[in-house]
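Engineer: One-letter residues, chain by chain:
Protein chains: 2
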Amino acid sequence: MAYELYYWPTLQGRGEFVRLALEAAGAPYVDIARGREDAGQGLPALLRGLAGLDGPDDPHRPLAPPYLRDGKFVVGQTAAILQYLGPELKLVARSEQARVWTLQIQLTIADLVTEAHDTHHPVDVNLHYEDQKPEAKRRALAFCSDRMPKFLVWFDHLVKHNPAGPRWLVGGRLSYADLSLFQLVEGLQYAFPNAAQRALRGKPSLRDLHERVAALPRVAAYLASERRIPFNETGIFRRYPELDLV
Amino acid sequence: MAYELYYWPTLQGRGEFVRLALEAAGAPYVDIARGREDAGQGLPALLRGLAGLDGPDDPHRPLAPPYLRDGKFVVGQTAAILQYLGPELKLVARSEQARVWTLQIQLTIADLVTEAHDTHHPVDVNLHYEDQKPEAKRRALAFCSDRMPKFLVWFDHLVKHNPAGPRWLVGGRLSYADLSLFQLVEGLQYAFPNAAQRALRGKPSLRDLHERVAALPRVAAYLASERRIPFNETGIFRRYPELDLV
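Protein sequence lines correspond, in order, to chains A and B. This note's numbering puts the first sequence at residues -16 to 229. This note's numbering puts the second sequence at residues -16 to 229.
Each hint should be verified, as a subset may be incorrect.
Because identical chains cannot be distinguished in the list, a pair is counted as satisfied if it fits within a single copy or across any two copies.
Here are the simulated EDC-like pairs of lysine to aspartate or glutamate, each with C-alpha atoms no more than 16 Å apart in a straight line [what the hints assert, rightly or not]:
(1) K120 <-> D107
(2) K116 <-> E71
(3) K73 <-> D94
(4) K55 <-> E79
(5) K73 <-> D41
(6) K133 <-> E98
Worth flagging that the hints you see were computed from the coordinates, not collected in a lab. Everything numeric in this text was worked out from a predicted model, so none of it was measured.
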């Protein structure tokens, strides 16, 4: 049975980390909110699920998208979804220690994703960017000059010092963390073209990994398809030139 | 061999979620940065570890505290540490689905912890609160009026609708998520006494779980000991009355 992914239908956001894992593994899935309403899908299905896929007393009600249904099992939170999918999609090594290490990397990617989001929403997630522009500029300055470089140094270190060689983050084969790091770099380059270029300078290992992921046949096919939603200014990574500070 | 916990020695912060798990399980551990420098511990040991416990090329160098060493294995990121410790300390159910569900709850707790932190550091983590007070007030208003209540409704729902009964979050026994939820409520009550009281109103299941955790003999002994660092204004949960907005 196909996995059911529930996420906002018009943006990449946090759902994209799950989409990339499913696509890279060639796993059958339905992107529910992008489906047709007359087939019981679309945005209404996403919103219904937030109230509990099994009704209002559903003990496993998710707090927010993305969430994933696999048969009777429902899981939310991007890193938890990937922790669950990893072994199923063969996108994580088998040992408990390798799984935890992969999770640790994913959580650190997630931290920087949150900080990238907060550059345009530093004080209130329910207001528009236009309502918090001065605060956004302060936050973006700290993000571009300190936070993004600090994290990218760490990811670069991991790739360079992987005992199995600098092809992937964990061991000698692709994991979901590689896909997520690709998406993070992709998003940073979209939202902060100048600051990201500067932060990536002198990090060929990180750039190579990014290109290696993009060239994986299933990933390349996905990126070229209309299933890949283009970056836009409703997602996490938004191109506001006034926040691209170097 | 005792676990080695590496975290800032004078604050609860994210390390407290790990301390609580170790304490509740009665596990032997050394809180390295609180040890004596002449025994190779203390703050210098924490900082040395950030540069790589096995030297500068250490492939598993942590990005930030807390991190944990168990023999040769090192793991950072609070939720990843707990994912690792859970089975070792018998603080998580055995099935993969229960482990993922517990992780999902932990990650959601972590999200609210980050948002609580950002009430006093909305634009720059490297500046003092005093340098971002107007922005902090805006962020705290959104936190107190919208974010904290929204999350507490969700946690309350989980406890109330746990198919095994409303004693714990997952199944019929204590998990690390219960300990973390206790710490979250404790922190919210310290930092935002009025707003937290309001958000907890009408949520007896959540309050009961909080008291049930506090009354666990090992937890009660820990909280009464000097190993429990008091809340203070260098941690995540800070009592700034001007941010306690109802």
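Engineer: If a hint holds in the structure, say so; if it doesn't, say that too.
Structural biologist: So, going through the hints one by one against the coordinates:
When the C-alpha separation of K120 and D107 is checked against a cutoff of 16 Å, the pair qualifies both within a copy, at 14 Å, and between copies, at 11 Å. Taking the closest pair of Cα atoms, K116 and E71 never come within 16 Å of each other, the shortest separation being 43 Å inside a single copy and 47 Å across copies. For the identical chains of this complex, K73 and D94 are neighbours neither inside a copy (24 Å) nor across copies (28 Å), given an alpha-carbon limit of 16 Å. With identical chains, the CA atoms of K55 and E79 are at most 16 Å apart between copies only, with a shortest distance of 14 Å across copies and 25 Å within one.
In the homo-oligomer, the alpha carbons of K73 and D41 never lie at most 16 Å apart, since the shortest distance is 30 Å inside one protomer and 26 Å across protomers. When the C-alpha separation of K133 and E98 is checked against a cutoff of 16 Å, the pair qualifies only within one copy, where the shortest distance is 12 Å, while the shortest distance between copies is 21 Å.
The structure does not agree with the numbered hints 2, 3 and 5 stated previously, though it agrees with the rest.
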